[in-house]
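Spelled out, the chains give:
Protein chains: 6
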Amino acid sequence: MGIHTYFRSLNDLERIIRTPGKFKFEEHSVSAHSWKVVQYAKTLADIEELNGVPINWKKLYEITSSHDYGEIFIGDIKTPVKHSSLELRSMLQQVEEGMIRHFIEENIPEEFQGIFRRQLREGKDGSLEGLILEVADKMDQVYEAFAELQRGNTEKEFVLMYRHALIKIKNIDLHCVRYFLGHILPDIIEESQISPIDIKGITEEALAQQ
Amino acid sequence: MGIHTYFRSLNDLERIIRTPGKFKFEEHSVSAHSWKVVQYAKTLADIEELNGVPINWKKLYEITSSHDYGEIFIGDIKTPVKHSSLELRSMLQQVEEGMIRHFIEENIPEEFQGIFRRQLREGKDGSLEGLILEVADKMDQVYEAFAELQRGNTEKEFVLMYRHALIKIKNIDLHCVRYFLGHILPDIIEESQISPIDIKGITEEALAQQ
Amino acid sequence: MGIHTYFRSLNDLERIIRTPGKFKFEEHSVSAHSWKVVQYAKTLADIEELNGVPINWKKLYEITSSHDYGEIFIGDIKTPVKHSSLELRSMLQQVEEGMIRHFIEENIPEEFQGIFRRQLREGKDGSLEGLILEVADKMDQVYEAFAELQRGNTEKEFVLMYRHALIKIKNIDLHCVRYFLGHILPDIIEESQISPIDIKGITEEALAQQ
Amino acid sequence: MGIHTYFRSLNDLERIIRTPGKFKFEEHSVSAHSWKVVQYAKTLADIEELNGVPINWKKLYEITSSHDYGEIFIGDIKTPVKHSSLELRSMLQQVEEGMIRHFIEENIPEEFQGIFRRQLREGKDGSLEGLILEVADKMDQVYEAFAELQRGNTEKEFVLMYRHALIKIKNIDLHCVRYFLGHILPDIIEESQISPIDIKGITEEALAQQ
Amino acid sequence: MGIHTYFRSLNDLERIIRTPGKFKFEEHSVSAHSWKVVQYAKTLADIEELNGVPINWKKLYEITSSHDYGEIFIGDIKTPVKHSSLELRSMLQQVEEGMIRHFIEENIPEEFQGIFRRQLREGKDGSLEGLILEVADKMDQVYEAFAELQRGNTEKEFVLMYRHALIKIKNIDLHCVRYFLGHILPDIIEESQISPIDIKGITEEALAQQ
Amino acid sequence: MGIHTYFRSLNDLERIIRTPGKFKFEEHSVSAHSWKVVQYAKTLADIEELNGVPINWKKLYEITSSHDYGEIFIGDIKTPVKHSSLELRSMLQQVEEGMIRHFIEENIPEEFQGIFRRQLREGKDGSLEGLILEVADKMDQVYEAFAELQRGNTEKEFVLMYRHALIKIKNIDLHCVRYFLGHILPDIIEESQISPIDIKGITEEALAQQ
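Residue numbers (this note's numbering), protein chains in the order written: chain Y, 1240 to 1449; chain V, 1240 to 1449; chain R, 1240 to 1449; chain C, 1240 to 1449; chain S, 1240 to 1449; chain W, 1240 to 1449.
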């Protein structure tokens, strides 16, 4: 078949759960993660533009929306596995690329093959758009880990995820990273220090209303 | 707070389920739907470009990725309700717009308010990008309804959803619609006619392998 | 078809989730909410009877058990939307009533149409039974919000839900409301102040058992 | 504590699933089942009244809404176990009644204890209201089993559940049973014979629309 | 049919949830519980062997892996019900055994019936292997209850479950129990006293990284 | 910490779902799969013993119960990835073994390290017990795929899974494999050909009962 095979396959990413077995409060599908990355990246690019940096929106659109499509073929391989050796990492990447190439050849009509090859390649190159994707992807790890830690999940894996993502982000030299560090991260910290809701107080205040 | 409030709110759309109570095989979150619309729209726009039509990728990015963000404020109002009278529909749209405006004023720093107002407005205007969004949005209804009907869900609501979405799509005059009708829809139909798997046959074939 | 269509439709309310995207600990279906309202209302009416007030049990039965049936037709519209303007609210109510009327005409045999029209109308009129329904409905919001807040969900929406429901309840002049404020609410508050379980203490006590 | 303990406990029945491990398409909580029984019983009683039979609505309200509350204490004991010997059945019933008695004594204020004892006793006595409860309870087994069988679940347990429930219902001599057998059951059968949706046909019809 | 009926039935235990309605953070299927008991028992037996006590591994394998298979027939009967009287308990056990006997006679080929009768009998006899099963089964109650209590579930049922399981374990005179009390339980207690994660601190440390 | 860290980690395998995104009717956790493999292997070994072949039950217990524990460290890597090249496969195995070694060194007290190293190594060696594990593991793929295909899931991945598992099994020369092919597989095939339930027929038969 043709592009239908590709469109239909998108549905499967809603059933692939990120870091299975660890999230105790809210689980996240690869689809929902992908959409949030698209959204963060849009605002990050807006910040760059506000600072006078031109954005290639077509490229940014392509690489952010497809950046985890390859998980359909290779499944959820844990980050420590991927990073355990440079050799293994590059071999896994070759396998993923081979499977994507094979999928395109088998299913995508010839006139679209070039487009799909470009869209489904690894997007995290050194370009501005690739860096924004990197920041947006890590930002979702920050948000995912934060939501668990804040609610009392003491799983060490989320401390590591949060910490590594932050270190990765802060070392990227972009206007939007500076904005994140200066204006967004402080709000995250502030939220982490909210006291539990005082139910007794709210009740008394409500009963005192006229 | 600031943009953090907006980023954190994205998470809630993963817990809002489309057409609750009707999907019997696979449910879909608003996040996953939004991501699929982003993906369909990208390929539809590629088809337009292959036919020589220029695309405003920044605009397409903005309107597809945010097109259902407003559901955070107004919830899941059923299509027949929205369409029961023009007056009600426009009133609901005004309420949604008012809530989005209020959210932006309360949370988004002034220098970004213009950007957010543009991104979170209704994207289905008469422009090429607006029409592509309309097609992509309906295409997901086609795929969602198809997946239920094909597996034996006889719920009338999905027949209507599938049928209305198809009628809406076919009346939009675009290259990508012609491609969809000529090359993608036939594959959907063909898939609807696949016979059940012959388990006995596969077993015998497997046992006969050397 | 006939009453079968109505009976079968009841099942769909188990898949409609209240306030989707907000409950982080336990979600609630419209069916389960409806059953709890039926149960609260029964005890509230018992309190009225103990105080010498006569109850129309048939009416109370009808209006409590069916009070959210209309959500099958209109979906889950958020409270702030419904209340954003009197005009919108009355228009939404007209649409819901029109859809219920249409459903009854299409599906319910003529000899039952009067009964269904009475049962599926809005039950929150100014009568004693209508007021008890109002209290019971708000009481479930108190319990739903309380269960989230107590476990550490700091979502502002639950503070508002809890507070508004309490204010609504306390302004209704009934024996059962006075009982709720004087005897039930204090137990809720007391429970909100229970300290976390002292696992070390329990362990030591258990090990010291003969 | 007092009635608060009872109100809060209602929530637990939303997490107790009926016949766990068997439903493959849609699971049902005890809460949702209880609500559907309340709804069926209301219409069954309406049919009796239309035939000139007087109903004790207060009693019907009490016994239908609370009929499975005892599952909080004893859990989900499979029907074949309960019925394996008269002696075991009566012993289990004594245990359940003992636990309910104990709960009432521990938690319910003295002035309400009589009411709660009456409401939480076994409602399926030989009275008209008790018989209507019996019919409504079995009717939900018919609907639950039907929904699984119709979608292709070939589990023998549902054939037995459907068949036993029907036999139980048909042997109860009430106007509403005659109505069920004559007007509702035929619609169930008719629905069981609906052919799968013809997706190709719908597509062609939709594309032919102007 | 034959052994296929038994193999296929194993699947149903993945849909039977333990203590339904009580776990608020993570639910557990009977399958997953059974597997954890198999795993604990293996290590407990290793500890016995390290102390020079010989283990009948075949027997231990048989009784741990099948110890809750009977729940397929009788469902989840709450512990307080089972223990409410010795008479009821023995009657329930007779019913369960009768159902297992019947299942074996109906489905298991004659040459395997002896094996299945031995494997599916109650394994908690006074033998070393039976005692290890008892410890392992209670140990999972300790872990299940601990995980809820530690996260803030204040449900009394888990305090009781944790406490009773501990008392049961400590009264069994085995090397592995002494190891559990001396080396594993202290780690559980220590973990219960971990403070919430200091998100602000981690953030500052991460940002200070080079 | 010590063995507590290992015991507590077992819980995570209940949240890791096998082949995520593909099962449309019933999902399976790694825990439930592991337990079913333990159960199949027990009966397969019983068949060997009935044929006079001696079994090392301790070894069989160890390798079947722990055979997928490593997924805690490496996640769910799809079979085609693992098998795409011998080099990648062996590298992934080295990484998994390294992580297990590291876990043991960090957490397991020295006197148990040898035992854990033996138990958590790859169990599918050429020994009788290793072959039984291989058969039991593939048998669960047969059952998992069969349950989906029989209910109408036409996903090609399950046809491949079913077929490859069968071919793998039939090429292992064991008494229990011959028993499976001769007595269990025919029952699976027979079940695949059961017609849908005739609801009308059952209804008529039930109504005709006295």
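Possibly wrong hints are sitting among the right ones.
[To be verified] As a list, the in silico DSSO-like pairs of lysine-lysine whose alpha-carbon atoms are at most 30 Å apart:
1) K1395(Y) / K1321(W)
2) K1395(C) / K1263(Y)
3) K1439(R) / K1395(S)
[Claimed, not checked] Calculated Cβ distances over 12 Å to all of chain S for the following chain R residues:
4) G1291
5) I1343
6) H1422
7) I1436
8) K1439
9) T1442
10) E1444
11) A1445
[To be verified] One side only, chain S facing chain Y, incomplete, derived with CB under 8 Å:
12) L1367
13) G1369
14) T1393
15) I1433
16) P1435
17) L1446
No lab work stands behind these hints, which were simulated from the structure alone.
For clarity, every value in this text was computed on a predicted model and none was experimentally measured.
Even glycine gets a Cβ: it sits at the ideal position worked out from N, Cα and C.
For this session: Decide if the proposed pair is consistent with the structure: K1395(C) and K1263(Y), CA atoms, cutoff 30 Å inclusive.
Result: Violated - the C-alpha atoms of K1263(Y) and K1395(C) are around 36 Å apart, more than 30 Å.
Problem set entry | Status of the L1446(S) interface restraint (C-beta, 8 Å, chain Y) | holds (6 Å)
Exercise. Are all beta-carbon distances from A1445(R) to chain S longer than 12 Å?
Worked result: The assertion about A1445(R) is violated, with a minimum of 4 Å to chain S.
Exercise. Should the label of G1291(R) as a non-interface residue stand, given a Cβ cut-off of 12 Å to chain S?
Worked result: The claim holds: G1291(R) sits with its nearest Cβ about 37 Å from chain S, beyond 12 Å.
Exercise. Holds or violated: is the Cβ of T1442(R) farther than 12 Å from all Cβ atoms of chain S?
Worked result: About 6 Å separates T1442(R) from the closest Cβ of chain S, which leaves it inside 12 Å; violated.
Problem set entry | Interface restraint verdict for T1393(S) against chain Y (beta-carbon cut-off 8 Å) | Since the shortest Cβ distance to chain Y is 13 Å, the answer is violated.
Exercise. Minimum Cβ separation between I1343(R) and chain S greater than 12 Å?
Worked result: Nearest chain S Cβ is 36 Å from I1343(R), so the label holds.
Exercise. Are all C-beta atoms of chain S more than 12 Å from that of E1444(R)?
Worked result: Since the minimum Cβ distance to chain S is about 7 Å, E1444(R) lies within 12 Å and the statement is violated.
For this session: Answer holds if the nearest beta-carbon of chain Y is closer than 8 Å to that of P1435(S); otherwise answer violated.
Result: With a closest approach of 6 Å, the P1435(S) hint holds.
Exercise. Can we confirm that no CB of chain S comes within 12 Å of the CB of K1439(R)?
Worked result: violated (5 Å)
Exercise. Would the pair K1439(R) and K1395(S) pass a check requiring their Cα atoms to be no farther apart than 30 Å?
Worked result: Judged against 30 Å, a Cα distance of about 16 Å means the pair holds.
Exercise. Can L1367(S) be said to touch chain Y, with a Cβ gap under 8 Å?
Worked result: violated (33 Å)
Of the numbered hints given earlier, the model fails hints 2, 7, 8, 9, 10, 11, 12, 13 and 14; all others are met.
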